[in-house]
Every structure is written in C-alpha cells, then in structure tokens.
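Asks: These are the residues of each chain, in order.
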Amino acid sequence: MSGFDKKIDRFLEVFINSGGYKRVLEGLENTLIISIVGLLIGILIGTLIATVRVVPKYKRLPRVLNAICTFYVELFRGTPMVVQLLIFYYVLLPLLGIKMTGVEVSIWVFGLNSGAYISEIMRSGIQSVDPGQMEAGRAVGLSFATTMRLIVIPQAIKNILPTLGNEFIALIKETSVVSFVGAADLYVAFNYIGSNSYEFMVPYLVMAIIYIVLVLLISLMIRLMEIQFAKSDRRK
Amino acid sequence: MDKEIMIDVKGLRKSFGEQDVLTGIDVQIKKGDIVCVIGPSGSGKSTFLRCLNCMEDPTGGQIFFDGVDLADMKVDINEHRRHMGMVFQHFNLFNNKTVIENIMLAPVQTKSEEYRKKHKSLFVPAGEKKKIVKEAREKAIELLKRIGLEDKADVYPSTLSGGQKQRVAIVRSLAMDPKVILFDEPTSALDPEMVGEVLDLMKDLANSGMTMIVVTHEMGFAREVANRVIFIADGKILEEAPPEEFFAAPKNPRLKEFLSKVL
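Top line first, the protein sequences correspond to chains C and B. With numbering that gives the first Met the number 0, the residue at position 227 of the first sequence is 226, and numbering never jumps. With numbering that gives the first Met the number 0, the residue at position 54 of the second sequence is 53, and numbering never jumps.
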C-alpha cells in the first residue's frame with residue numbers, strides 16, 4: 000500500500016500547502032448556502048403553490064392561479080436541474096439584462112426547482128390534516144388564509160418533515176452540478192486539488208466522505224426535530 | 000311581546016351534485032331559543048345546521064341572520080361567523096395549539112384584524128398586541144375556570160379526554176361572545192360516561208339565556224332543555240313542536256315510527 004500512502008501525501012501537499020483547504024471550505028460554504036437558501040425559497044414557493052392548489056375552486060381567480068401553478072410544477076419537474084441552470088444562466092438572465100454570479104443563479108434555480116417538488120409534498124401534507132381543523136378555524140370566523148397559516152400548515156409541516164428531509168438531502172447532493180454555471184462548490188474544490196496533484200483518487204474519496212457526513216448530520220437534525228415535535232404533542 | 004327573530008330560514012335547499020339533501024326548509028329561531036333537531040341518520044339534519052353558518056353553501060333559499068342574508072355569496076361570511084359559534088361532533092380542537100391558545104386564537108386574530116382595519120395599518124403595534132393578548136388570556140382563564148379545567152390551560156388537546164375536549168371546544172366558541180351556538184351532534188363521539196359532563200355544560204349555557212340549535216340523538220336533553228324540537232327527514236321539516244307535545248303527541252307518522260324506535 001505504499002502507493003496509496005504517496006497519493007495521500009500528494010493530496011495533503013496540495014490540500015494544506017497550496018491552499019486546497021481554502022477552496023474546500025469555500026466549496027462547502029457554497030454547497031451549504033445553495034442548498035439551504037434554495038430549500039428555504041423552495042419551502043416558501045412550495046407552500047404558496049400547495050395552498051393555491053387546495054383552495055376551493057368555485058371562482059375564476061383560484062382556477063387561473065391553479066392553472067399557472069400546475070404549469071410551473073410540470074415545467075420544473077419536467078426538465079433536469081442542469082438544463083434549468085444553463086437556461087437561466089445563458090438564456091434568461093442575458094435576455095433580461097440581469098447580472099448574477101453562478102452561486103446566486105444556483106440559489107434561485109434550486110429554490111424554484113425544489114419549490115415545484117415541495118409543493119407536491121406540502122399538498123399531501125395539507126391533505127393529511129383533518130379537514131375538521133379547517134372547519135373549526137372557519138367556524139370561529141377566521142379566513143381561509145389565516146386558518147391555513149396558523150393551523151393547517153404547521154400541522155402539515157410536522158407530517159411531512161421526513162419527506163422534507165429527503166428533499167434537503169437531494170438538494171445537497173444535486174449542488175454538484177452548479178459548476179456548469181461557474182459556481183465553486185465541493186466538486187470544483189476537489190477537482191482543483193486533483194488537477195494540481197495529478198491524483199484524483201484521494202480527493203474524490205474525501206469528497207464522498209464529506210457528502211456522507213453532511214447527509215448524516217441532516218438526518219440527525221431531522222430526527223431531533225421529529226422528537227421535539229412529538230414531545231410538544233404530549234407535553235403535560 | 001314576541002321575542003325578536005334571530006335566524007329566519009326561508010326555502011333552504013342544498014344538493015350535493017345530483018343528490019338533494021335539503022328540499023325546502025323554513026324555520027325561525029328566536030333569541031333565547033333552545034332548538035333541538037332530531038331525525039334519522041342521512042336525513043339532512045347536520046347539513047341543515049352546517050348551512051346555517053355556510054360551512055356548506057346553500058344551493059337555494061335564504062338565511063337571514065340579524066336581517067342579513069348569509070346565503071348571498073357577496074356577504075363577508077367570516078364577519079358573521081364570529082357571532083355564530085359552532086361545536087362539532089369530533090371537537091376539532093386545534094391540535095398544534097395548547098388548550099388556552101385554542102380559546103384565545105380567534106379573539107386575538109379578530110381583534111388584531113379590527114385594529115388593522117380601523118387604523119389602516121399593516122400590523123398591530125407591540126403594545127396594542129400585548130393588550131389584546133392579555134384581555135383574551137384573562138377571558139380564556141375565566142372560561143376555563145367555568146368548566147373546571149384551568150389546570151389544563153397549557154397542555155395540548157391530545158392529552159385531554161373526549162369530554163374535556165368537547166367542553167374546551169364549547170368554551171372556545173364562547174370566547175367570541177356569540178349570539179347563537181350551533182351544536183352538531185356534540186355527544187355522539189363521546190364515551191357514555193362523558194356525555195353527562197358535556198350535557199351539563201350545555202344545560203348551564205341554556206340557563207344563561209344562550210340561543211342554541213342542537214342536532215342531537217339525546218332525547219332526554221331535548222325533552223328537558225329544548226323549548227322547541229324539530230324533526231327532519233327526507234330533507235324537510237316534518238314536525239316542529241314544544242317538547243312535551245313533540246314526544247307525547249307526535250302527529251307525523253314518520254316521527255311516530257322514529258320515536259318508537261329510539262325511545
């Protein structure tokens with residue numbers, strides 16, 4: 000295994016002495032920012048869309064909004080994230096004359112994309128809440144929106160927490176495509192180390208380990224949140 | 000002098016798709032009335048009750064509540080529902096709120112909204128909000144004391160028994176100072192030993208002069224507390240009479256048959 004030792008030495012050389020760790024930290028930061036802010040934007044958009052989709056559709060406005068939301072969801076679920084990134088970065092933004100960095104574009108695309116998925120998760124969450132909760136809110140004179148915001152959605156989020164965790168994990172892993180628009184994520188950092196040490200085995204292994212650790216940490220966080228929610232349910 | 004009419008239902012109809020559930024209901028509820036609605040299951044009595052506060056939108060007819068037609072889709076129904084409490088068969092306490100939050104929620108939201116409307120502002124200043132919350136909390140504690148559950152103020156509904164849940168649900172509707180409370184089979188989902196505590200609270204309310212419309216299978220309660228009993232079957236009111244007459248001398252053959260089965 001002396002060959003492997005040498006590979007590790009070369010990796011450490013670039014990682015420590017040539018400032019590779021700085022790039023890794025920067026990549027980690029970007030990966031986390033893109034996935035976390037993207038997730039938050041996604042939850043916001045997803046909740047709005049899910050709400051529009053469960054509004055009773057007697058009138059025209061909810062029907063029109065519903066059609067727009069359906070279109071949006073199908074559009075973003077129907078194309079790969081990479082394609083969306085490329086279209087935003089190389090087509091939409093230049094056409095609109097907006098300047099954005101790769102990271103900024105990635106945040107928005109991740110948010111819009113996960114919004115489409117989260118809207119479906121959220122819709123099933125909303126539908127899992129007893130309709131009596133909405134009725135009780137309406138019966139005391141609260142509006143549909145207020146009841147949704149204060150009563151139904153908090154319970155829906157509790158129900159979909161594990162699935163939301165999955166979405167977060169998927170986002171973290173999918174950040175590995177943002178280099179297509181010039182954002183420096185973990186992949187870019189380790190690729191840099193690889194190219195500079197002429198050795199890719201160790202950098203890519205370390206990268207995989209970092210992804211796994213990130214995902215394990217998220218799983219743990221979600222588990223803790225679930226326990227917390229379950230506790231508050233039965234608090235004496 | 001006659002008591003003032005609070006709810007005046009004229010020709011109320013309700014269909015779900017092809018199915019006609021209510022086929023023309025006319026009834027007047029006066030202030031202070033305790034009206035019990037009985038009938039076989041599937042007769043439309045719950046639908047009737049749910050139409051009164053437009054939980055189900057009526058297909059036809061009019062529901063005048065203090066002179067305003069609630070069946071008119073242009074009416075701000077939220078505004079009027081604040082004056083009509085509703086108690087459900089399955090309690091429907093807000094699961095994500097503690098007992099006291101359940102009771103305070105609607106008053107706090109309503110008062111905040113009124114403040115925003117009055118001052119044309121987007122949010123309520125912290126001081127004002129504090130005052131609203133404090134008032135609502137005091138009222139909620141008072142209500143909880145009335146039902147002997149003040150020690151349960153900070154627990155979540157999942158820890159309460161069915162009877163406790165329904166009593167909390169009743170005082171939740173009281174927190175809005177409603178003019179009338181609609182009860183939709185309030186004891187049907189309860190274990191037998193808990194029916195009594197809920198009926199006692201309802202009797203207490205009746206004695207305090209609250210106007211109540213109660214869809215129920217509790218014939219004893221109807222006989223003892225109601226001042227009028229309505230029999231609904233096939234989407235129509237087939238008989239309407241004071242309880243003594245209703246139970247002792249029923250006229251309608253369907254009612255005779257129904258009473259012979261349940262009494």
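Think of the hints as simulated: they come from the structure by calculation, not from any bench. Model, not experiment: these values are computed from the prediction. Any given hint could be a false lead.
Below, in silico cross-link-like pairs of lysine-lysine (DSS-like), each with a Cα-Cα straight-line distance of 25 Å or less [claimed, not checked]:
1) Lys202(B) <-> Lys29(B)
2) Lys157(C) <-> Lys96(B)
3) Lys151(B) <-> Lys157(C)
Asks: Determine for every hint whether it applies to the structure shown.
Replies: Going through the hints against the structure:
no., hint, result
1, Lys202(B) <-> Lys29(B), "holds, 18 Å"
2, Lys157(C) <-> Lys96(B), "holds, 13 Å"
3, Lys151(B) <-> Lys157(C), "holds, 23 Å"
Violation of the numbered hints given earlier is absent; every hint is satisfied by the structure.
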